Structure formats: C-alpha cells, structure tokens
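> Listed below, chain by chain, are the residues.
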Amino acid sequence: MSQDREESAMMNLLRRGYGAIFYENWPIWLGGVLLGIMSVITFAWARPWGVVGGLRNWGDWFFKVIGLYSQAPVSPLISTNSLIVLGLLWGSFASALLSKQFAIRMAPPFELLKGAVGGILMGIGAAMAGGCNVGGFYSAIGALSLSGIAMMIGLIMGAYLGLRYVYWELEHVATGSAGGSVTSASGKGLNLLAVEPYLGFLALLAAIVFTWVYADMALTREGVLALCGVAIGIIIQRTRLCFVRAFRDPFMTGEAEVPRAVAISIIIVILGSAALKWTGLRGEMVYVPQAFWFGGLVGGIIFGFGMVIAGGCGSGSVWRAGEGQIKLMLAVVFFSITVSLVERAIDASKALTALMGNRVFLPHFIGYRWAIISLIAILLLYYVITTWNEKTEKFMVEM
Amino acid sequence: MADFTPNETLDCRGLSCPMPILKTKKTISAMKSGQILEILGTDPGTKNDLPAFAKRGGHEYLGEKQDEGFSRFYIKVK
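So the protein lines, in turn, are chains E and H. For the first sequence, the positions run 821 to 1219 when our numbering is used. For the second sequence, the positions run 337 to 414 when our numbering is used.
It is worth saying that the hints were derived from the structure and are not from the lab. Note that this is a predicted model, so its numbers are computed, not measured. Glycine residues also receive a C-beta, built at the ideal position from the N, C-alpha and C atoms. Please note that a few of the clues may not be correct.
[To be verified] So these bits of chain E aren't anywhere near chain H, every CB distance computed over 10 Å:
id, residue
1, ALA916
2, ASP1036
3, ARG1179
[What the hints assert, rightly or not] In silico DSS-like pairs for lysine-lysine, Cα to Cα no more than 30 Å straight-line:
id, chain 1, residue 1, chain 2, residue 2
4, H, LYS361, E, LYS1211
5, H, LYS414, H, LYS359
6, H, LYS401, H, LYS412
7, E, LYS1211, H, LYS383
8, H, LYS368, E, LYS1211
9, E, LYS1211, H, LYS414
10, H, LYS412, E, LYS1170
11, H, LYS361, E, LYS920
12, H, LYS414, H, LYS391
13, E, LYS1211, H, LYS391
14, H, LYS359, E, LYS1170
15, H, LYS401, H, LYS361
16, H, LYS391, H, LYS401
17, H, LYS361, H, LYS414
18, H, LYS383, H, LYS359
19, H, LYS359, H, LYS401
20, E, LYS1214, H, LYS362
21, E, LYS1214, H, LYS359
22, E, LYS1214, H, LYS401
23, H, LYS391, E, LYS1214
24, H, LYS368, H, LYS414
25, E, LYS1170, E, LYS884
26, H, LYS414, H, LYS383
27, H, LYS412, H, LYS362
28, H, LYS412, H, LYS391
29, H, LYS362, E, LYS1211
30, H, LYS361, E, LYS1214
31, E, LYS920, H, LYS383
32, H, LYS412, H, LYS383
33, E, LYS1214, H, LYS412
34, H, LYS391, E, LYS920
35, E, LYS1214, H, LYS383
36, E, LYS1170, H, LYS383
37, H, LYS414, E, LYS1214
38, H, LYS361, H, LYS391
39, E, LYS920, H, LYS359
40, E, LYS920, H, LYS368
Based on the provided sequences and hints, a complete structural model is requested.
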C-alpha cells in the first residue's frame, strides 16, 4: 500500500519536473546564461560555437554534387562545422517533440518568399562579416575580435531598416490572412501530439548513440561536438532565445529582455574564451574574422535586414527549421547556397578579400586586460541603453 | 477559460514572428476600448509574445484555447 503511494508520489514528481522543463518555457535570461556556459564548454572541448561554417559546408557539398565545384569539401559527416549545426538542428527537433511543439508549419506564399530572400541576404552578409550572428558577432566578440563589434553596429542598423520594411509591407502588401494554411500539426486518426514526447526521447537517445558510434570510430572530438550542438539546440528551443529579437525588439516593442540575455551571454563567453586563449590552450586568432571593419559593418547591415524579414538569424533559422517551420527551412537552404557562392567569390578575389578588412585581435593592441574591460563595457552599455529604452521607448519606431 | 464573443478575429495561422504581433498591434489600434480581439495562431512563439505584448500595451490578456492544429488567443483592448 504505502509503496504504491510512494511510487505514485515519485511519478507525480517526475511528471511535474517534466512539465516544468518541457511544457513551460524557461526564462530568457536563463537561456542566455546557459548558452554562454555551453559555448565556453564547446570551445574548451574543441572549437567555438558557429553556424555559418556548417551551412557553407552543406552549400559546398551541394555544388560539388551537382558538378559546379570541382573540389569536394570535407564530408558533412566529418566536418566539425557541419556536425555542430546538425546537432543544433537535431537538438531543437528533439526539444520541440519533447514539448509537443513540433509540427510541419506551412506559411503563405509571400512569407515563403521572404524566407528565401532573407536567407539570400543573410548568406551575403555572413560571407562578408566572416560569420553570421553567431560566428561573426556572438562568438567573435567572445573571441575578443573587434570585427564582432563592427558587425554588432551593422546588425543594429540592419534590424532597424528591416523593421521599417516590415512596417511598410504591413501597409502596402496585402498578404491578408494566412487562412487555409493551417498547420498539419496532428494527424487525424492517430494522435501524433500524444506520442511526440516519446519520439523526442528516442531522438535524444539516437544522438547519444551517434556520439558513441563516432567515439568507436576514433571520432570522439567530432561526435561530442555534435552533442554540444544538441545541447545548444535544446537550450535555445526551450528559451526561444532569438538574436533577431536582441536587435529588433528595442525598435519594435521596446522590450529589452532578449538584448539583456544576449549581452550577459556574450560576457560569459568573453571571460571563458579569454581564459582559454590567454593560457595558450587555444590559438589566439581562432574565430577572429578578417572583417574589420568594412565586412563586419556592411555585412552586418545586410545580414540584419535579412534576418528580420526571414524571422530568424543563423541559429534562429536552424532551430525553427527543427521545429518544422517551412519558411525557415527555406531560409536555411537559400542561406547555405548563397554563403557558399559568395564566400567562394570573396576568396577568389584579392581585392574583395582586402576590402573586407583585417583580422583584429584586440589584446594585440591594448592587451588582454583592456580588451576584456572594453568589450564588457560595450555590452553593458547595450544592456543599459536597451533597458532605459524599455522605460522611455525613445528608440521605438511607430507604425 | 470562459467563452468570449470576440468583436474581431485576426487570422495569423501560418505566420511566424514578428508578423502575428505586428498585425495584432495594427488591428488593436483600430478597435475601441473594451472590445475583444481573437487571434488565431500556429507559431509556438506567440504563446509568450502575446501576453507580453498585451501587458506592455496595458491591454488585458484573457487567455488561450486550443483548437485543432492551432490556438485561439483573446485580448481585451484597453
């Protein structure tokens, strides 16, 4: 009798715990903190967190398959760039299943077009800035690179312009309602929604088995990196941490929750990777893009505009694709092929490469101490200004 | 949740962030105080965004109902 009761109390506890983790969204600041910690773990394990390198690898691979490129890229199944993004996709897919949020979500045709165009713009911007919002901004500032700040300024400007466009579109383009394009969330006969958590569990199990198999093939480094990607995918899907919002919200709604979370997250990455670099455990020039200042700034503007109309950045498009959103799947596809083509063009031209700028590792100029202090000061400034704007709505753009 | 008779219904099914919020903002600005807006949506982000939007704008968020494959959200205009 009492054993029964204990068991049911245990089940109750587990059920409530599961509900708290997978049915309720986590606070966004927690997402920022966890993402920062996970980024540092990923860098300590092998390399910084990035997205666009993986997308480029897929694009290169696609063009090799159709015969446009003669040289084959590193296999997407071995490339750490690719594996970390596959992990992100898989993690957000598993996380969406576990929270019963996975559904193939169709969008109206005009929205699909915006996804594709946004993807193309993000591809161009990321190629110029030497990374997307992750490698060009988040991990780049974390890596004490000055081009990350150039891209940050570009992203702010691009997000502002993107929002102006979206406002214009609301007035002038009659997309109307999306009626008819209802999601095919749950099958009619079999209730898919009810089994989603079990499928999600299987997906997580599969990720662990995958890492196991890779370790057996002496690919432990690659396998665990994919698992880091999975962890990042779960964190971002559960908190809906969105870099677009970090730049768009101050202008659109005035909310500063996401800008604050992103600022805190990057400060964690700065401290972690500064430790790894200063101690010589990792190369100093790792994740310092050759993009200061032209590539970072102009690439950031183009990328920022693209991410607002696509409704997802480099990481955001991937995790929303993992949730089943067709618009963002299109954005990822067009992003991949564009970044492959444009980066190839930039690499092939000495003039274009020089135009993008220099690799500026801040501690080489002002030392580690002042590099860390000044980068953290810039992020805290963003934190304070966006919070002030939350109260005063000074930067908010009216419709 | 009690049943509401909405004065207007905004269909945002298939749209993703930021379109549902912007369309809601636009629709509400043309509505009268005390009226109820119903929003149909399929984006999981809307679940968090709409209550936050309503709170910031001083509107009353009345709640959501699950329908087949989409959600119905209710906001009472300030």
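> Out of the numbered hints, which ones does the structure contradict?
Checked against the structure, the hints that fail are numbers 1, 10, 14, 22, 36 and 40, while the rest are satisfied.
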